[in-house]
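Position chains B and C relative to chain A; hints supplied.
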Amino acid sequence: MVSISNPYKPNIAALRKITTENNANDIKTFEVVFEDPDLAGSFRYTPGQFGMISYFGAGECPIGIASSPTDEGFLEFTIKKVGTVTTALHNCSEGDRIGIRGPYGNGWPIEAMEGRNVVLVGGGFAFTTLRSLAKYILHDDNRGRFGDLTVIYGARNPGELIYKYDLEDWEKRDDINLIVTVDKGDSGWTGKEGYVPTILKEAAPSSKDAIAAICGPPIMIRFSIPVMTELGFSPSDILLSLEMRMKCGIGKCGRCNVGSKFVCLDGPVFTHEELQGLPKEY
Amino acid sequence: MEGLGNSIKEAAERLLNEGDVDLVIGYERGTTPLRSTPCFIRDSGDVDRLIWDPTCDANLAKYLIGQDAKIGVFVKGCDARSAVVCIAEGQIDRDKVVLIGLPCSGVVDRKKIDSVLDGREILDATVDEEKITVRGEDFEEELPTKNFLCDSCLSCRHRTPTVYDIMIGDTPTEEPDTDEYAEVDELESMTAEERWAHFVEELSSCIRCYSCRNVCPMCYCKECFVDETMPAWFGKTNDLSDTMIYHIVRSLHLAGRCVDCGACSRSCPMGIDLRTLLKKGEKIVKERFSFEAGMDVEEKPVMSVFKQEDSEEFVI
Amino acid sequence: MKIKIVDKKEVPALIDRLIERYRVFAPVDAGKYARLMEVASGSEACLELQNPKLSSKEILFPQTEIILRIKKGEEGLETEEPSENDKDWVLFGVHPCDAKGLVLTDKFFASGDYKDKPYMDKRGKTSIVGLACNHPRATCFCASVGGSPFGKEGIDILLVDLGEEYLIEILTERGERMIEGVHGLRDASDDDMARAEKMSEEAEKALQTDLPIEGLSERLEGMFEDPLWDKVHLKCVGCGVCSYLCPTCWCFDIIDEETSTGVERIRLWDTCQFTQFTLQGSGFNPRPSGKERMRQRIMHKFCYFPKEYGVLACTGCGRCVRECPVNQDIRETIKEIMSV
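Protein chains in written order, with numbering that gives the first Met the number 0: chain A, 0 to 281; chain B, 0 to 315; chain C, 0 to 339.
In case anyone wonders, no lab produced these hints; they're calculated from the structure. Please read these numbers as outputs of a predicted model, since none were measured by experiment. Glycine included, C-beta positions come from ideal geometry on N, C-alpha and C.
Pair ranges (Cβ atoms, derived):
(1) Met302(B) / Phe223(C): 42 to 48 Å
(2) Cys220(B) / Ser281(C): 16 to 22 Å
(3) Thr18(A) / Glu80(C): 31 to 37 Å
(4) Lys130(B) / Gln207(C): 22 to 28 Å
(5) Ser40(C) / Asn90(A): 48 to 54 Å
(6) Ser43(B) / Pro211(C): 29 to 35 Å
Looking at chain A on its own, in the form it has when it is part of the complex (with noise of 0.2 Å):
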């Protein structure tokens, strides 16, 4: 037997706490926390990574991880209800377990953004990891090390925004510049109502010293970054977080294929120059 660790073999982790984001009720988040403790205390990722998490007899999918690192003793997965994995997932309660295997991914480059400015530009679900990054950059072990922090964040109505707990705690506070917004608002919504890529116009973060971090659906990007370009943000300094269909997460199964790169290897983090460099398949 070769004795190197099994890529496939998840770890075993209970669901201590479910919470509802959305009143669609397809959104929740899972706090979970390894069986194992030494592993409980000792797994470290970067915001922007993700795990591959198992229900056990449906299957497993990619999922970023969206607590922090500063986050101790536990993870936090914000999971949408789409296919056999999800539906699962979405059916369990406090106590059951799933499998994870990770980190997987490269993560936002924490380094890269260090001593400069950051924008974060989130809409709908995929806001979660970046929601990672913010919580990380805002701790107070490391916000000493960034500079401005620009997050603008938008869902389709209100009902659809997640992490409304911690965006009530952003909006107090004065080392981050917090822009909310919907496509659409209801009656008893007073924010902003625009289109993602409008408000982020509207907001005009400056490019200077800065780096921004985009993550959403295709038309969200699609029509963000003109407006990055057109600010000032050369290729290199903005980030994208690109979904690709996984099942290995290793970078052997093939389907995350894009060019001589796999998404789950040497992504899913992009800077939108490399994005350049790579057959337009995503």
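Here is chains B and C on its own, set in the frame of chain A:
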């Protein structure tokens, strides 16, 4: 057959030049002996590529599904019936297709030829309606074409396309001299155990490549039942149980729709006999509902309509 | 490097000796074709047949493989890795194109931070007895893609068919261990070796396909948007025949299946040619039609993989050419690319 070569090219050229079609789909010489391959022509200058001989086995009706353009397609009797089924099911627009009928007396079964050559490789071959000449490193043999036709051709009752816009050459004579359900009857006469053993043996080499499904014009579902996950009806591994469910359910989905063109059996890399199970479905539909697939574009698909006189002995 | 000779009629006994110490997989006459299967006795092996229908990959990277078992016990969930504590394996009679396929598979599954343990466990205990190809088929093109009918890559012992005997070239330590204690072998004479050398030359000459691949990868790098892709895929029906039979295609799917005691996590063959290979949960598919999927296959084999690993992901075995239901011919595609 030589004269027909020119008719084929002439027909294609005329259709393209007069703008009746944007694309002609036919056959051209393949890259290995005894093979033809589908050919897609948009420029009338390319019509010289077109051929017609007993190696022209692909069911070209497959390529009509999901197309917007006006297409001229060469069809044998069976291919034409497939097109008719797909037209009747609303998958092909009759007005956008020019069916060019081919006078087919059968296509060759390369697996049958290989089995008499005992592993010797064919390096070169010629074939016409009378004989197949195969040449290898140190052999040359002449084989009578009619002994090496596909089984589906041997039981073919509709050599003449049931629907066509242009007919190349003369419509072929129908030669119903074989019992089209001979293989089905043989299986029916077995005991249940024998029949089970037969299917276990046939299907245990299936590698779930789905070439049988993908070459079939009638398998046009955007999401095949194999790929459904909520719920997943059965597994995708080569577990024999799951494999047998795949083939059984596919044959049920094709009952009353399959025209026995033989493309599935020909495409199978493992040489599995897929036709006989499908032929049984065809026989049941013919006996119970007096229906044959692909005869009339107006006739509604048999399994989606109910007639007062339908036999009901299976309804308790 | 030791070179021996064995009479053909002694080979079944030789295989029997191997079966005492190894699980042996050899080409077997499966009726309509040869297939690599486990043999219980040397007499089952048939080396006179053409290359098995499926490549050696079906033994080391099976179509269906349980990679994990999860038991739902009272204390919770337990994961268990299936392990076969059986004898070491021998793949007997592997053609050089298939052996090279294993070399490429090894490269890929062992690369990076995450090694594919299920494959590597099997590969680690497998020795390869290769069989040189005296009569390449008209569809073979191993030499065009960097291989050879008498190629030694990935092979521990190479057999050369000299007519009444096999020349046995012991190439590696593994090969030496295999041959330990096997009787009935004599040292090869200079004449034997000369005969084998001549056969090698003749086999190379006999290859009928000579593809122009100089600069193929570089050319493809600039061809992602080339109009050639609109035409290449037209007749392809998108089945899995080419990928499943290919020695260097290894894309897979992972599914869970429930059993009475828990769950089996299974990996099975998949292919970039299937419609839903890259279909995302949102419904978006970056490769929505045959055009993108065919382009991916060709680019991966002849551009992306060589860029990363320095070798084409194709060994010229010709299976895709022979078995494609519509005669899609990868050799023609390469020629078209080189003539653009």
